[in-house]
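Order-wise, the sequence lines are chains A and B.
Note that full-length UniProt numbering gives residue 182 to position 182 of the first sequence, counting from 1, and the numbers run on in steps of one.
Note that full-length UniProt numbering gives residue 147 to position 147 of the second sequence, counting from 1, and the numbers run on in steps of one.
Honestly, the hints are just simulated from the structure, not real lab data.
Misleading hints may appear alongside valid ones.
[Unchecked claim] Listed below are the simulated DSS-like cross-link pairs for lysine-lysine, each with C-alpha atoms no more than 30 Å apart in a straight line:
#1 A:Lys195 / B:Lys112
#2 B:Lys202 / B:Lys54
#3 A:Lys186 / B:Lys54
#4 B:Lys183 / B:Lys202
#5 B:Lys105 / B:Lys85
These numbers come from a predicted model, not from an experiment.
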Amino acid sequence: MAEVILDITDKALRDTGLCRVGAGKTLVIACGALAREILTIIEVNSLDHLTLTCLPAILHNTPNDIPQAVATAVEKHRNEFETILVAYGDCGTGGRLQTTCARLGVTMIDAPHCYAFFDGTQDFIDRGEVTSFFLTDFLARQFDAFVWQPLGLDRYPDLLDMYFGNYETLVYLSQTDDADLMRKAKDCADRLGLKFEHRHTGYGELAPFLRP
Amino acid sequence: MSDQGDDLVLSELNDSELVEQMMDDLYDGLKDEIAEAVRILLDRGWVPYDILTKSLVLGMQIVGDDFRDGILFVPEVLRAAQAMKGGMFILKPLLVETGAPKMGKMVIGTVKGDIHDIGKNLVAMMMEGAGFEIIDLGINNPAEDYINTAIAENCDIIGMSALLTTTMPYMKVVIDQLTEMGKRQDYIVLVGGAPLNDEFGKAIGADAYCDDAAIAVETAKSMIARKHNQA
């Protein structure tokens, strides 16, 4: 399993996702942003009943496309697996992903975003950090591709205030203990002109979701 | 969009060339050039309302169309909006002085728990450009802010915006409160925001969901006209 993880690049997870890894009878269809985390959970917990496939993480930036992409993946694989799990939160789909999953008879994670289920969904909601912008390990690594460039801040830095003027804090929810990523996340906060806060979450509610 | 060279002198263009150039400059998000062109047209005796509708609003419609068609993206739209705002800043006080036509009055804001205002600001600006008087409540608004303002200011329209799946249900709280007060029929309620859709708008009892700023303007215009016809 470790070799498989080493072969994965963030660019591939972002743009193309991940083909099947594993031989279990339960298929996990996940966001590419969760691939490393799920593979680690599978390895550490010996969850051999799981097979993982990921959709491109960049769908994060076009949430309207997520329900159809998930539906297509479910239909493509459903005859080969006993169970299908969808490792996505609502992810800005306005409830449409939940509706799609219910229609297809598959289970997804009951949370607004991956930030929420890493942090603990109820705790995340209770904190009500409406002026916080969140990064996970993946988003910290891919900050330029997911935030800086799509928002045009590389070309038009004067737009920064329009996007982030109402935010106060960047909260880095870390899954792993990685000094380089911590520095990177701090740098992201500086670039956005936000205060920096760190909370180590580990894998939060992702692990229980994957266990049989 | 334009191949404008650095040596282009706006004041040397005739009116129609200048208006054409303004639409190009708006498309390219050139705020200073838009402000300069607005001043030139004012100096030439143009009525502020004509400058607004025949250059800035038309230019933004092109931007909106190209955004919808996937030719332009959010950063470019925001740059164009900044440029239009520069022109509006000059025109707004003059529009009041010269008694430009009024389409109606709208209170607009982002709902409680939500701080995202880019879409809301675009709608407010385009509505203003279309002749609506706008009362912008900003972000994170409880129901009473919308309702009290709508009553006190005698608004025609209540506009609510949300970017988050977790905050969009609050729009129903506002509408339910209006209904409980027996005031739902007094206002046109328009809702918008990335995670919303038509179905959601209908489910919460809004009059319409608006997919973008241009649609919000068209929807508001047609609903105001219908309201007047019923009166």
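Now for the hints, and whether the structure bears them out:
Under the criterion of a C-alpha separation no larger than 30 Å, the hint pairing A:Lys195 with B:Lys112 is consistent with the structure, at around 23 Å. With a CA separation close to 35 Å, the supplied pair B:Lys202 and B:Lys54 exceeds the 30 Å bound. Between A:Lys186 and B:Lys54, the direct Cα distance comes to roughly 47 Å. Violation of the 30 Å bound is thereby established for this hinted pair. This hinted pair checks out: B:Lys183 and B:Lys202 have alpha carbons roughly 18 Å apart, not beyond 30 Å.
Restraint check for B:Lys105 and B:Lys85: the C-alpha separation of about 19 Å stays at or below 30 Å, so the hint holds.
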